[in-house]
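J.: The chain contents come next:
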Amino acid sequence: MSSLKLEIRDGQTAFRPGDEVVGTASWQLERAPRELEVRLFWRTEGKGTQDVHIADTVRYADAAASEQREFLLVVPRGPFSFSGSLISLIWAIEAVATHPAATARAGIVVSPTGAEIEL
Amino acid sequence: MKARENPFRTERVHAVRFRLAGTTWGELMGRLASLGHRAAIVGPDGSGKTTLLERLEPRLADAGLTAHWLHVSNERRRLPKGTLARLLARLGDRDVILFDGADLMGALAWRRLRRRSTHGAGLIVTSHRPGLLPTLLECRTTPELLADIVAELVPGQIAELRPRIPALFEKHGGDLRLALRELYDLYAER
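So the sequence lines, in the order shown, correspond to chains A and B.
The first sequence maps to residues 1 to 119 in this note's numbering.
The second sequence maps to residues 1001 to 1190 in this note's numbering.
It is worth saying that the hints were derived from the structure and are not from the lab.
For each residue, glycine too, the CB sits at the ideal point set by N, CA and C.
Heads up, some of the hints might be wrong.
Computed list of lysine-lysine pairs in DSS-like fashion (alpha-carbon distance at most 30 Å, straight line) [claimed, not checked]:
#, chain 1, residue 1, chain 2, residue 2
1, A, LYS47, B, LYS1002
2, B, LYS1171, A, LYS5
3, B, LYS1002, B, LYS1171
Computed Cβ-Cβ distance ranges for the label pairs, DEER-style [to be verified]:
#, chain 1, residue 1, chain 2, residue 2, range
4, A, GLN12, B, GLY1131, 27 to 33 Å
5, B, GLY1030, A, ALA14, 25 to 31 Å
6, A, ILE54, B, GLY1022, 24 to 30 Å
7, A, GLU70, B, SER1073, 42 to 48 Å
8, B, THR1118, A, ARG69, 44 to 50 Å
9, A, PRO100, B, ARG1086, 26 to 32 Å
If we strip away everything but chain A, and leave its shape as in the complex, we get:
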């Protein structure tokens, strides 16, 4: 069975602007993927149209079917994680493999205080 996992170093989930998100991506796929990358991104959730923005990406060239690789992604200056009743802005990292397809995702918080800002 295929698996794709993400682990952030020391289990850290809160980051400040400029911090580095460091960790490992590990996968066991039925064959070597055509592409595999880890992304740092934010998305909005709520009532209206969703927005998504990828802030940083690490691509693994020539990924094998089964492997473990380190990643380092840099958190930009913003926007910060926030949540109100109409919209939430959510940061996460995700690993995406294509052909064969597999994904893994881990939520993080980006803010000067390390906590999500509540509106």
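Since chain A is already given, all that's left is putting chain B on it; use the hints.
T.: Using the frame of chain A, we list chain B on its own:
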């Protein structure tokens, strides 16, 4: 309630399974193939036309076809300049155009697209009215369908919400998108 916890947030509503009424996916894809993949999904606002078009994409991929999306809306009735010309120039015999909101495009531009896209593998559109292309499926909504979707989104609270469903459906004229947004607001206040 925070937006990211609201069970009626866009992401969850978007993930709701499309419910085909009176047909199966196999029959629908067979009919689409018999129409040369040139067909229209017809229905009023909030009846699931765009959702069905989106759900066709992976099934077309399974058939070895590549989808290329075009979107127009009441807010933006024209495609960005050059979009159509670029798409038509590289359209191959395994490429299908999925055009959401085709009836909102000007009549002249639509006729031009219909004529110039025949060398591709297909043109599947959504429209509020029939007539642009042969109708693949007419999307209809019912209070029961709304209740079914609500039950999928909040299985533990459907008993509480069910009495409201007929009035909610009526209030929004069968537009499920608007009805679900009202439920979002209801939960946002909790």
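J.: The structure should be examined with respect to each hint, and the outcome stated for every one.
T.: Hints versus structure:
no. : hint                              : result
1   : LYS47/A to LYS1002/B              : 11 Å, holds
2   : LYS1171/B to LYS5/A               : 46 Å, violated
3   : LYS1002/B to LYS1171/B            : 26 Å, holds
4   : GLN12/A to GLY1131/B: 27 to 33 Å  : 58 Å, violated
5   : GLY1030/B to ALA14/A: 25 to 31 Å  : 52 Å, violated
6   : ILE54/A to GLY1022/B: 24 to 30 Å  : 41 Å, violated
7   : GLU70/A to SER1073/B: 42 to 48 Å  : 43 Å, holds
8   : THR1118/B to ARG69/A: 44 to 50 Å  : 47 Å, holds
9   : PRO100/A to ARG1086/B: 26 to 32 Å : 31 Å, holds
Consistency note: the structure conflicts with the earlier hints numbered 2, 4, 5, 6.
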